[in-house]
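Generate coordinates for the entire structure from the input sequences, incorporating the hints supplied.
Below, each chain spelled out in residue letters.
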Amino acid sequence: MNLKMDSHTTDGVTIVTCQGRIVFGEEATELRETLKKLLASTRKLILNLSGVSYIDSGGLGTLVGVYSSARASGADIKLTGLGQRLRDVLQITKLVTVFEVYDTEQQAIAAFKKA
Amino acid sequence: MAFQTITGSSSESGSGLFPTLVFVQGNEQRTINLDHSPFTVGRKVDKDLVIADPRVSRDHAIIITENGRFHVVDQGSKHGTFVNGERIQRQVLEKNDRLEFGVRDIAYVIFNPQHATSNTAREFLSQISGMHISTETTDLEKLTLFLEAARKLNTTGVLDEILVTLLDATLKLTRAERGFVFLKTDTGELRLAAGRSSRGEPMLDDKTISHSILEDALKSNSEFVITDTSQSLDLAGRQSIVAYDLRTVICIPLRKPQVQATREPGANPTDESSAEVMGALYVDSRFASRDISSVSNDILRAIAHEAASLIENARLVQAEEAARRYQQELSIAASIQQRLMAVTIPEVPFARLCGRNLSCKEIGGDFFDAVNTEDGLAVVLADVSGKGVSAALLASTLQGMIYSQLTARMPLPEIVAAVNRFFTQKHIGEKYATCIIARIRPNGELEYVNCGHVPPLLVSGQQVTRPAHGNLPVGLLKDATYEGDLCLLKPGDKLVLVTDGVTEAENAKGDFFEDFRLEAVAGKGSLDEIFGAISTFCAGNPLSDDCTVVELSYTG
Chain G
1 MNLKMDSHTT DGVTIVTCQG RIVFGEEATE LRETLKKLLA STRKLILNLS
51 GVSYIDSGGL GTLVGVYSSA RASGADIKLT GLGQRLRDVL QITKLVTVFE
101 VYDTEQQAIA AFKKA
Chain F
116 MAFQTITGSS SESGSGLFPT LVFVQGNEQR TINLDHSPFT VGRKVDKDLV
166 IADPRVSRDH AIIITENGRF HVVDQGSKHG TFVNGERIQR QVLEKNDRLE
216 FGVRDIAYVI FNPQHATSNT AREFLSQISG MHISTETTDL EKLTLFLEAA
266 RKLNTTGVLD EILVTLLDAT LKLTRAERGF VFLKTDTGEL RLAAGRSSRG
316 EPMLDDKTIS HSILEDALKS NSEFVITDTS QSLDLAGRQS IVAYDLRTVI
366 CIPLRKPQVQ ATREPGANPT DESSAEVMGA LYVDSRFASR DISSVSNDIL
416 RAIAHEAASL IENARLVQAE EAARRYQQEL SIAASIQQRL MAVTIPEVPF
466 ARLCGRNLSC KEIGGDFFDA VNTEDGLAVV LADVSGKGVS AALLASTLQG
516 MIYSQLTARM PLPEIVAAVN RFFTQKHIGE KYATCIIARI RPNGELEYVN
566 CGHVPPLLVS GQQVTRPAHG NLPVGLLKDA TYEGDLCLLK PGDKLVLVTD
616 GVTEAENAKG DFFEDFRLEA VAGKGSLDEI FGAISTFCAG NPLSDDCTVV
666 ELSYTG
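Residue numbers (my numbering), protein chains in the order written: chain G, 1 to 115; chain F, 116 to 671.
In case anyone wonders, no lab produced these hints; they're calculated from the structure. In this text, all values refer to a predicted model and were calculated from it rather than measured experimentally. For glycine and all other residues, C-beta sits at the position ideal for the given N, C-alpha and C. Keep in mind that a hint or two might mislead.
Derived coverage of chain F by chain G (criterion: at least 3 residues anywhere in the stretch with Cβ under 8 angstroms from a Cβ of chain G; other residues may be distant) [said to hold, decoys possible]:
no. : stretch
1   : 147-159
2   : 323-333
The calculated lysine to aspartate or glutamate pairs, modelled on EDC-like cross-linking and capped at a C-alpha distance of 16 angstroms, are [stated by the list, open to error]:
no. : chain 1 : residue 1 : chain 2 : residue 2
3   : F       : 287       : F       : 316
4   : F       : 541       : F       : 598
5   : G       : 114       : G       : 100
6   : F       : 605       : F       : 643
7   : G       : 94        : F       : 598
8   : G       : 94        : F       : 562
Written out as structure tokens, the structure is:
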């Protein structure tokens, strides 16, 4: 299983750092379960994907799925730390128009504060 | 319910297995163990065999045992009970009799059909258990011999036969009056799997077994428990407490054989509690008839250790059989999918289309298709998320939807919007697809809708451009909207569509094929060259995803 996730809370925002690959199978399940658990107690979540080398179609599906259900229950997930590969994927799939992507964690936290 | 013992000659009741009913209705076939009496048949949902047809009466018939034979008795049903085509009120059942309840031909039951497997195994096993070994051989040695032989024979894995022969051996060695094997089901319940008397008669009923003794034995850490029913809690609930009903009980929990490696260092080697209990052997004898409480502990221990692995082996073989059958089903599904995916390329004077798919699995989530209408020659290339059977199912549905809408000449953005609505409404979960539909007219006008897919390559002379218009994938977000884009092809131009299995093909170093290599080879060559380049790049490293390349050349 090639995905490690750590989380901590700052300023009322929970930041989740991912390390590894987000792919169809155990990794996608890990992403889903961990985020679902955290969203039970927070509405502001930042996903830092700087350690993620690769995301496949299954992983993307899980990411969007968790994002949709978060939004449906009034929470929000912002993305940061995207490498070139992940940026390309979000660009081709036009998911850049759906997710809010920031260059740094600080910018994402600031965006939560402004809202 | 009264205690029912089935007696009969050995040829009738066979090896003491429960008789089976095979219920056939349309395409459905189920095997049911006739493990209690009376066995009820009818339309009511609480019947043992529920046949949901209005011509079946609510309480239609019962199957009972009497004097060792099985009888079917009609319960005053409206449309009658039939055995081998003849309407009966009450009939003794013979092997392979065909029973019908109210409805003819659509649904029927075969009584105790012959088992096709291993008569020879059973014969051999019964020969061993009746084996005359030299008188110096102790009971324990006999048991070990027998169990070893049974294990070796377990290649056909007929679990029921193994259980009964194990019971026979246990009864012989403990000199108990009757014995039962209970096995845990997937849900953790204990199910009566076999029952024998010391006279070799099958025992179907576990009503007079002390279940509290059974439960206690399973919970305990002991290899076996010898007790008697005067100390059990069951007596309070019994209908008739008669002195002669008191029994000595030996209960041997069957624990799954442990792999040595999983033992913790320093753990007490006799601590059995960590081993998983898979069932129990239960033998008992009435006080009045025999005292079995002094049976050799060595024998009981041997049974405890060997029986579980014997049963586990048989189960594994059965599981293997099931897996093999499942694999067969999967192959059939794969071949059906392959046929669905076979593309008939339409011939048009102004364009040429060719496509090739390189699958890395038996069942895939990539497909392409082509439809020619008055609006032009349309080609679709799609890639369903994930892998395996679920992706393939979605791919086939997607293919059907797009094909029919193209034939109906729907506008391209509307086609994908309809697909998106369909899949997001079904809440399939995280399944979605990326796709491109491109349609070229005789005048070179190319309309395309790209839904989250790898951008197409437009090759014009030596120039390769990537038309960049795009939308969200289909099936991902329910409020997504879709738009198309236009470009104009000159004679000699071609459009190349690929799935991301191409750009993400990896070599042993972990490099990806990437866009720049694809653009380089697409500009110069066609399908063969593109696949050749991928193959050279990967240099033997296996593909992790399907690769599909489609080329649409405009000749004008």
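Okay, the hints, checked on the actual structure:
1. Judged by the Cβ-Cβ criterion of 8 angstroms, the stretch 147-159 of chain F is not covered by chain G as claimed, because only 0 of its residues qualify and three are needed.
2. Coverage of the stretch 323-333 of chain F by chain G is violated. Counting CB-CB distances below 8 angstroms, 0 residues qualify, and the rule asks for three or more.
3. Restraint check for residue 287 of chain F and residue 316 of chain F: the C-alpha separation of about 13 angstroms stays at or below 16 angstroms, so the hint holds.
4. Of the pairs offered as hints, the one joining residue 541 of chain F and residue 598 of chain F is violated, with about 23 angstroms between alpha carbons and a cut-off of 16 angstroms exceeded.
5. Only pairs whose Cα atoms come within 16 angstroms are accepted, and residue 114 of chain G paired with residue 100 of chain G is accepted, the gap being roughly 14 angstroms.
6. In summary, the hint linking residue 605 of chain F to residue 643 of chain F is not supported, as the alpha carbons are separated by about 23 angstroms, beyond the 16 angstroms threshold.
7. Only pairs whose Cα atoms come within 16 angstroms are accepted, and residue 94 of chain G paired with residue 598 of chain F is accepted, the gap being roughly 12 angstroms.
8. In summary, the hint linking residue 94 of chain G to residue 562 of chain F is not supported, as the alpha carbons are separated by about 19 angstroms, beyond the 16 angstroms threshold.
Figure legend: structure checked against the earlier numbered hints; hints not met, in rising order: 1, 2, 4, 6 and 8.
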